[in-house]
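Now for the letters of each chain:
Number of protein chains: 2
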Amino acid sequence: MAPQLDSFFKQVDTSADAFIERLRKAVAIPSISAEDARRPDVVRMGHFLADELKALGAEVELRPLGKEPHRPHLDLPPVVLGRYGNDKNKRTILVYGHYDVQPAEKSDGWATDPFTLTVDDKGRMFGRGSTDDKGPVLGWLNAIEAHQKAGVEFPVNLLMCFEGMEEYGSEGLDDLIREEAKKFFADADAVCISDNYWLGTEKPCLTYGLRGCNYYSVEVSGPGADLHSGVFGGQAHEPMTDLVQIMASLVDSKGNINIPGIKEQVAPVTADEEKLYDTIAFTMANLHESLGSTTTIHDETKPTLMARWRYPSLSLHGIEGAFSSPGAKTVIPAKVTGKFSIRTVPDMDIDTTNAAVYKYVEEQFAKLGSKNSMKVWAQHTGKWWVASPKHWNFAAAAKAVERVWGVAPDFTREGGSIPVTLTFEEATGKNVLLLPMGSSTDGAHSINEKLDKSNYIEGIKMLGAYLHYVAEEPQN
Amino acid sequence: MAPQLDSFFKQVDTSADAFIERLRKAVAIPSISAEDARRPDVVRMGHFLADELKALGAEVELRPLGKEPHRPHLDLPPVVLGRYGNDKNKRTILVYGHYDVQPAEKSDGWATDPFTLTVDDKGRMFGRGSTDDKGPVLGWLNAIEAHQKAGVEFPVNLLMCFEGMEEYGSEGLDDLIREEAKKFFADADAVCISDNYWLGTEKPCLTYGLRGCNYYSVEVSGPGADLHSGVFGGQAHEPMTDLVQIMASLVDSKGNINIPGIKEQVAPVTADEEKLYDTIAFTMANLHESLGSTTTIHDETKPTLMARWRYPSLSLHGIEGAFSSPGAKTVIPAKVTGKFSIRTVPDMDIDTTNAAVYKYVEEQFAKLGSKNSMKVWAQHTGKWWVASPKHWNFAAAAKAVERVWGVAPDFTREGGSIPVTLTFEEATGKNVLLLPMGSSTDGAHSINEKLDKSNYIEGIKMLGAYLHYVAEEPQN
Numbered sequence: 001m002a003p004q005l006d007s008f009f010k011q012v013d014t015s016a017d018a019f020i021e022r023l024r025k026a027v028a029i030p031s032i033s034a035e036d037a038r039r040p041d042v043v044r045m046g047h048f049l050a051d052e053l054k055a056l057g058a059e060v061e062l063r064p065l066g067k068e069p070h071r072p073h074l075d076l077p078p079v080v081l082g083r084y085g086n087d088k089n090k091r092t093i094l095v096y097g098h099y100d101v102q103p104a105e106k107s108d109g110w111a112t113d114p115f116t117l118t119v120d121d122k123g124r125m126f127g128r129g130s131t132d133d134k135g136p137v138l139g140w141l142n143a144i145e146a147h148q149k150a151g152v153e154f155p156v157n158l159l160m161c162f163e164g165m166e167e168y169g170s171e172g173l174d175d176l177i178r179e180e181a182k183k184f185f186a187d188a189d190a191v192c193i194s195d196n197y198w199l200g201t202e203k204p205c206l207t208y209g210l211r212g213c214n215y216y217s218v219e220v221s222g223p224g225a226d227l228h229s230g231v232f233g234g235q236a237h238e239p240m241t242d243l244v245q246i247m248a249s250l251v252d253s254k255g256n257i258n259i260p261g262i263k264e265q266v267a268p269v270t271a272d273e274e275k276l277y278d279t280i281a282f283t284m285a286n287l288h289e290s291l292g293s294t295t296t297i298h299d300e301t302k303p304t305l306m307a308r309w310r311y312p313s314l315s316l317h318g319i320e321g322a323f324s325s326p327g328a329k330t331v332i333p334a335k336v337t338g339k340f341s342i343r344t345v346p347d348m349d350i351d352t353t354n355a356a357v358y359k360y361v362e363e364q365f366a367k368l369g370s371k372n373s374m375k376v377w378a379q380h381t382g383k384w385w386v387a388s389p390k391h392w393n394f395a396a397a398a399k400a401v402e403r404v405w406g407v408a409p410d411f412t413r414e415g416g417s418i419p420v421t422l423t424f425e426e427a428t429g430k431n432v433l434l435l436p437m438g439s440s441t442d443g444a445h446s447i448n449e450k451l452d453k454s455n456y457i458e459g460i461k462m463l464g465a466y467l468h469y470v471a472e473e474p475q476n
Numbered sequence: 001m002a003p004q005l006d007s008f009f010k011q012v013d014t015s016a017d018a019f020i021e022r023l024r025k026a027v028a029i030p031s032i033s034a035e036d037a038r039r040p041d042v043v044r045m046g047h048f049l050a051d052e053l054k055a056l057g058a059e060v061e062l063r064p065l066g067k068e069p070h071r072p073h074l075d076l077p078p079v080v081l082g083r084y085g086n087d088k089n090k091r092t093i094l095v096y097g098h099y100d101v102q103p104a105e106k107s108d109g110w111a112t113d114p115f116t117l118t119v120d121d122k123g124r125m126f127g128r129g130s131t132d133d134k135g136p137v138l139g140w141l142n143a144i145e146a147h148q149k150a151g152v153e154f155p156v157n158l159l160m161c162f163e164g165m166e167e168y169g170s171e172g173l174d175d176l177i178r179e180e181a182k183k184f185f186a187d188a189d190a191v192c193i194s195d196n197y198w199l200g201t202e203k204p205c206l207t208y209g210l211r212g213c214n215y216y217s218v219e220v221s222g223p224g225a226d227l228h229s230g231v232f233g234g235q236a237h238e239p240m241t242d243l244v245q246i247m248a249s250l251v252d253s254k255g256n257i258n259i260p261g262i263k264e265q266v267a268p269v270t271a272d273e274e275k276l277y278d279t280i281a282f283t284m285a286n287l288h289e290s291l292g293s294t295t296t297i298h299d300e301t302k303p304t305l306m307a308r309w310r311y312p313s314l315s316l317h318g319i320e321g322a323f324s325s326p327g328a329k330t331v332i333p334a335k336v337t338g339k340f341s342i343r344t345v346p347d348m349d350i351d352t353t354n355a356a357v358y359k360y361v362e363e364q365f366a367k368l369g370s371k372n373s374m375k376v377w378a379q380h381t382g383k384w385w386v387a388s389p390k391h392w393n394f395a396a397a398a399k400a401v402e403r404v405w406g407v408a409p410d411f412t413r414e415g416g417s418i419p420v421t422l423t424f425e426e427a428t429g430k431n432v433l434l435l436p437m438g439s440s441t442d443g444a445h446s447i448n449e450k451l452d453k454s455n456y457i458e459g460i461k462m463l464g465a466y467l468h469y470v471a472e473e474p475q476n
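So the sequences go chain by chain: A and B. The first sequence maps to residues 1 to 476 in UniProt numbering. The second sequence maps to residues 1 to 476 in UniProt numbering.
Note that these hints are calculated values from the structure, not bench results. As the structure is a prediction and not an experimental result, all values here were calculated from the model. Accuracy of the hints is not assured; some may be wrong.
Any copy will do: because identical chains look the same in the list, a pair fits if it lies in one copy or spans two.
[Stated by the list, open to error] Within a straight-line C-alpha distance of at most 20 Å, the following computed SDA-like cross-link-like pairs (lysine to any residue) qualify: (1) 367 <-> 252; (2) 329 <-> 379; (3) 183 <-> 92; (4) 67 <-> 47; (5) 54 <-> 156; (6) 367 <-> 258.
Taking the hints into account, I'd like the entire structure generated from these sequences.
Below, the structure is given as structure tokens:
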């Protein structure tokens, strides 16, 4: 049966101005985690959240994380851990968000002051953090408040984990999640994260997969120091020549990865999975707009989305140690380090992939017959994540979307990674759902970041409705 | 007949301390052309030279060159034009040198103050500009003075052209040379430049060739802005992938240029030329020492020297627009520009070479089947220079070397370019000789630049002796 949500929804509409006012207060705190001078503002934002939660009757802890590893003069901002409700007869849902934001200066090109929430006549609410991720975080608080004001019983116990370092590497968070998995988070039946975006602007989505990323360096060295190409050109094996040969051997212009042992690991497309692609609201024009060009490899949406979501890709990022400035310099660089990464997908294994890359790069270098030296290593690796979109956590969210937006959501994956997703899944052993509030045009890390008023207000309804549906969804 | 040089040589030995003192005064003026704040010192150095020349009875002009093109707040330092002797019955020799120096700070790692000439117990005279090019420039003045003191008639009319911008692009000099070719330089019968180095440390050389340099850019662009490799990897043609394929197609690890139409232009080795290589004082150990490694393509000296001097080479310098810092950045660069250059040799033609490069790069790009855009162009081009080592100008210099050093000189070329050489040849139509004073270990642009006392004092004798031999050498 569909939960009786009408009075909650009505209250959200009634409180809309107050909820926008709450977002305005949050956006006004410039909680930029990357900037030393803003650290007190990040901490202030954590306290703001904690105070709002306490006022709503939640139990709150500000959990210190110690000193920042690479900036030991700074304390890490605290993680806000909250609990609202403690009824053994209800399901417990753990939600994650972050209260820090990307850097922003008016002079970067913002049309309005980035820390003054500015609503235009199309209902676009501009401000740094509006969509990433203060709007969604406040969505949970607003949902609590609307239940209270409407006199509707809150359907679940809500556990909250809001961090202040997401835009600067989530320092210290993984350890905390693992430590609290069997403590503060022990009761959680499922996890929900609202920190990504719709595929387009019209149709909501639920996200069930993320690619992983293995990032590699290939260093080629020879001469003792950079050389003059006039004096030495033609006499020595040049590290750049060798490196460029290796880099060119990795991938072709159509995006095909030439390294044996990569595509062999990729899980085959199932009929169920393939069906998910049929209805997705996505056009090549959407992609061309975000690319700023029509230089796509495929001409159709299905192979394009599959290339983004469920197949690995290899990108060449650049070369360290070579000449990289404008102008002309006749240098033979002595040591150059190529950087590339592979976006990984099910069922690719990190160690198997690393071994395949190392073996191939070593073979390619050996073929060159160069006297230079070569080293290849992984700078960092991160696993892909895929959840079952048929899990009751997703089924509940799909019902909430359909109830609020009147349309069944797309089931999407993303090409990038949100590492905390996997950490929650691995630490709690529970299903994790990505339930986005904002749309593809919000410009999370750009100038003029915004959240549409409709996405915020309907999003609050959606989060609340999700909690009702997830409270009663039968286990599968 | 050999000129009677004994009393001149004896006088040089007698005046050795005074000549070193003259070099000390010159080194003490920090005439760094690259640094704005040192411009008055560069001008002061020009006046010092002019005053010394006047004191020796030369006619001198300080020729202004106007404002510096890219630093219009600075006047270019003047060119010192000098004439010593105006006897219609004598040959007239035009000599070139420069009185500016490379930057130098004690803190760069100098063992002694770079602007205090410091002579160690091995006779090494350390100081910025000692060998590049104040020692050789003063060599001409010292030769005049020793003739005067010894009462030996000066054998030629000497025209001098000393500039103050050589280490910063010789701004304005080419125009002056072309303008004065039929005026101040009109009488010149031959040109001599002392601004390069012996191939090693033991055996003098005469240099008769330089490679040219064509410097190319290849730009590949696609997306409207840099992209996130997670979000976009696999869906778009990546400019880096295309560029690296193109760059890898240009040259192999053994230094072979793959572009059709390059090696076809190279002049065949003649028997006469090949003979010049047989006696050259050069070992692979010399090269390994200057490389700082043993990563040479060839194991023997003759193919190595030919690769440096008389064959083209292609070096990949780097990529502009890609990620070039330490660390990891998951960027797909939107526009990348690869830089490479070809060192050119006889009989390569600039236009033919450019056309071959453009055609090949365009073919390689077309093969990729990419939707990205590609442009290739020459940033700058410069012709090779080769003189006949059998010209009477060289024959005279060879006799001078043999008389002073007791050994026939090596006839060498250089892999790099000294553009003024070609300008003098083209503007005057006369033979140009490169007659080095310093040795390969002088470290012209490095810390601890030095000129050996023996190279300076014997070098003065050599320059003087050259003027005697060149005065009487029959035309050929």
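Could you work out which of the previously given hints the structure breaks and list their numbers from low to high?
none
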